[in-house]
Amino acid sequence: MTETVSGGLIRHGGRKVSDYLVFNTDHKVIGIQYLVVSFAFFIFGGLLAEAMRSHLLTPNNPILGGEVYNEMFTIHGTVMIFLWIIPAFTGLANYVVPLMLGANDMAFPKLNALSFWLLIPGAALLLLSFFIGGAGSGWTAYAPLSLQTSNGQTLWAISLQFIGFSTIFSGLNFLVTIFNMRAPGMTLTRMPLMAWAIAATSIIQILGTPVLSGALFMLILNRVLGTNFFAASAGGDPLMWQNLFWFYSHPAVYIMVLPAFGIISEVIPVFARKPIFGYRLIAVSSMAIAIAGFLVWAHHMFTSGMDPLLRVPFMITSMVIAIPTGVKIFSWLATIWGGKLRFTTSNLFALAFISMFVIGGLSGIFLASVPIDIHVQDTYFVVAHLHYVLFGGSVMAMFAGLYYWYPKITGRLLDEGWGKVHFWMTFIGFNITFLPMHVLGLEGMPRRVSSYAPEFQPLNIVATLGSFLLATGTLPFMVNSIVSLWRGKVAGANPWRALGLEWTLPSPPPIHNFPTPPTVDSDPYGYGEPKARQRLAAPSAPGGN
Amino acid sequence: MSEATPAVEHIGSEHVDNRKLGMWIFLASEVMLFSSLIAGFINMKARSPAGASDVLNVPLTAVNTFILIMSSTTVVMALAAIQDGDRKRLRNYLLATLLLGGMFFSIQMYEYRHLLGEGFTPWGSLFGAGFYTVTGFHGLHVLIGLGLCLALIVQAIQGKITAGEHMRVEVFGLYWHFVDVVWIVLFTIIYLLP
Amino acid sequence: MSGADPGKQPARRRPNYLLVFLALAAMTAIEVAIIYVPGVPRVPVLLTMSLAKALLVILFFMHLNSDSRWFGFIFFIPFLLVIPLLLVIRI
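Chains as they are written, first to last, in our numbering: chain X, 17 to 561; chain W, 201 to 394; chain S, 284 to 374.
Hints listed in this document are in silico derivations from the structure and should not be mistaken for laboratory results. Remember, it's a predicted structure, so these values are computed and weren't measured experimentally. Honestly, I wouldn't trust all of these hints.
Estimated spans, in silico, between C-beta atoms of each pair [to be verified]:
#, chain 1, residue 1, chain 2, residue 2, range
1, W, 350, X, 36, 32 to 38 Å
2, X, 349, S, 356, 32 to 38 Å
3, S, 327, W, 358, 30 to 36 Å
4, S, 370, W, 313, 32 to 38 Å
5, X, 471, S, 370, 41 to 47 Å
6, S, 356, X, 166, 43 to 49 Å
7, S, 327, W, 286, 40 to 46 Å
8, X, 342, W, 258, 52 to 58 Å
9, X, 297, S, 320, 53 to 59 Å
10, X, 462, S, 356, 42 to 48 Å
11, X, 33, W, 343, 38 to 44 Å
12, X, 495, S, 370, 51 to 57 Å
13, X, 33, S, 301, 57 to 63 Å
14, S, 328, W, 257, 20 to 26 Å
Glycine residues also receive a C-beta, built at the ideal position from the N, C-alpha and C atoms.
In isolation and in its complexed conformation, chain X is listed as follows (with noise of 0.2 Å):
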């Protein structure tokens, strides 16, 4: 079943290079299509991004004209957050849900195969957007400009479509496999946290996606049938773009981080070998995310010209939402204390997930408050918390998963040497880059502008050289999963001695995972307990639990 080849690719079942270029529906193979793509476009959006920065050196820089920076962010923005992040987390809990639930695939394979697929036409109507130009409004796309664009707004709308169908029908089938599909004995609260995770961020997924296809909807007409939804001039109301918009995108950033939560519940307990602290209060905190993430939208639209007096209420929503992330930030913290830590690279990423995210979780209360925010609204203060989150903490937390689950799906060990190297180029790097993006938003400097005042150079420059290091920090990670895809320490099953279903199977997994269905009468966190321990003394044998 399990072919090891020694010194070369560890095959599974005979899967040949060419199954997974094509239509293919099993998870493990969408997963890894979901994963090899995404990871293109992270490349892509990180060019995107040190062609901005390299720009931003000198304050008056001919070399990118306003229209080409412009179109620049819109597409950074655009790819990271729909081709990259969103996909990427999709394609790891596509391969390793249904493993940790005990099944053979998810609850539609073929519709999970679909979902892959349109990411591909997507992508294409994306770049192509890029090419001809006029995607030049932001990710956010707000009307009169998005209305005032060419071409390429139009396209760019269309591209959001197919992705955001892609992620509906994928939320879908996680939620479906997840509430029917789990092993014999295993009960919701005896679920791998990860599936919990997914299982809040498909809900958002599902119950949020299709507003956003509304209103690009409705922007399509607006540009190409001249339906005056959001145009002033014609008595449109843009403000109603930037509502249904954020309706959606704020929840969306809870869809960018839930799967982070999972991947560190999961990630912290093995390396800290103690049990998770406080399981129920991070299943149910991530429900609660889930839902209240969908009442604070209007906290992106406080200087919009909305309703003075509605703003208090998504103030205070906006601050509340902190507290269920406080909560999970307390357990990993509670599981951590006292634990018998190893700094595997994977241990390093989560940790530095718990703080760098909680540095992007202050600025978002600081942003939360009014009063602050309407001084600091577009300006390099909300991009240095954005990307305290979303790359100090997803991005971090996604390096975590892979490094901790590519034994899984490769048989093989990534070099933990390189990952070292990985870990610390990165985590210097984006502080120097991100931290001093503070400081110039408090001090005005705004966001999305391809010049700017002299006074901010200074800053501007530590934040590129950062930068540079952050980008060249990634390449020892990509040269490490290539190369130990052949040279890498065989892994065996279970290299971590991790108690989750997953680590049952041999690595990588048979074709058909599980060839009879595992049972199950605990949740997979009993480090130091006496079941634990029997457990992991015993050889696992291949195929068997």
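Following the hints, position chains W and S against chain X.
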């Protein structure tokens, strides 16, 4: 519709069929899509002068509403038929649903053509923008439903739907009823409310 | 009375679909008639009736009345989320 791994393979907290659960979740997402479009409509109507909706043909649309409600009834009768094992009545009720749904769609097209002829266009007024967008999307959903209904009729004739395996009829019914519910709401807020 | 799918909940009593249909038809007729009658508060009456019609279809044609509670949960939660959206857009 049924390519899922067996729904009763593992013990969940409750036995619900994968496909039925999937359809209800899908309908939840459709609620959100139509809410977004309805919000657009309500906003556009509020920004329009009084009497903007006078151009609409209420009696004709009332009849159309009645037709759609009838089609909802025939589809649930089709489900009841196959639950009782009656494959012929299943086929007939599905045909009736297709016919009635087709009538609804045709009358909608007729009204669109008439309205456009009167100069009531999507680009000509805010109310027009809202009207055509939300009813247009509803019409699209009807069209898709007709396609699914046709596919079911073919399968029914081929004998693929039985008393023991007819989840696809129930799942289609859920979709069709939802399209009906959306219309019930749209009919009221577009045609009847002042 | 109703044939049960393997693995479904115990057989449920089938609603009288014809009766539901008649109720829906009657309410539609009343709704249309009302707009021609002066003095009737159209908005509350029409909204209530359309809500009632929708519920009839949802509860009886879609069997939400007799099926798993989860379906009701899944279907109705979105409406709660939609209310703030509609309020903010119109305020």
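We went through each hint and held it up to the structure:
1. W/350 <-> X/36: 32 to 38 Å: holds (36 Å)
2. X/349 <-> S/356: 32 to 38 Å: Holds, at about 33 Å.
3. S/327 <-> W/358: 30 to 36 Å: Distance hint for residue 327 of chain S, residue 358 of chain W is violated at roughly 50 Å.
4. S/370 <-> W/313: 32 to 38 Å: holds (36 Å)
5. X/471 <-> S/370: 41 to 47 Å: Once the Cβ atoms are compared, 43 Å apart, the range 41 to 47 Å for residue 370 of chain S and residue 471 of chain X holds.
6. S/356 <-> X/166: 43 to 49 Å: holds (45 Å)
7. S/327 <-> W/286: 40 to 46 Å: holds (43 Å)
8. X/342 <-> W/258: 52 to 58 Å: Since the Cβ atoms of residue 342 of chain X and residue 258 of chain W sit about 55 Å apart, the hinted range of 52 to 58 Å holds.
9. X/297 <-> S/320: 53 to 59 Å: holds (57 Å)
10. X/462 <-> S/356: 42 to 48 Å: Since the Cβ atoms of residue 462 of chain X and residue 356 of chain S sit about 45 Å apart, the hinted range of 42 to 48 Å holds.
11. X/33 <-> W/343: 38 to 44 Å: holds (41 Å)
12. X/495 <-> S/370: 51 to 57 Å: holds (53 Å)
13. X/33 <-> S/301: 57 to 63 Å: At 60 Å between Cβs, range holds.
14. S/328 <-> W/257: 20 to 26 Å: holds (22 Å)
Hint compliance for this structure: hint 3 is the single one not met.
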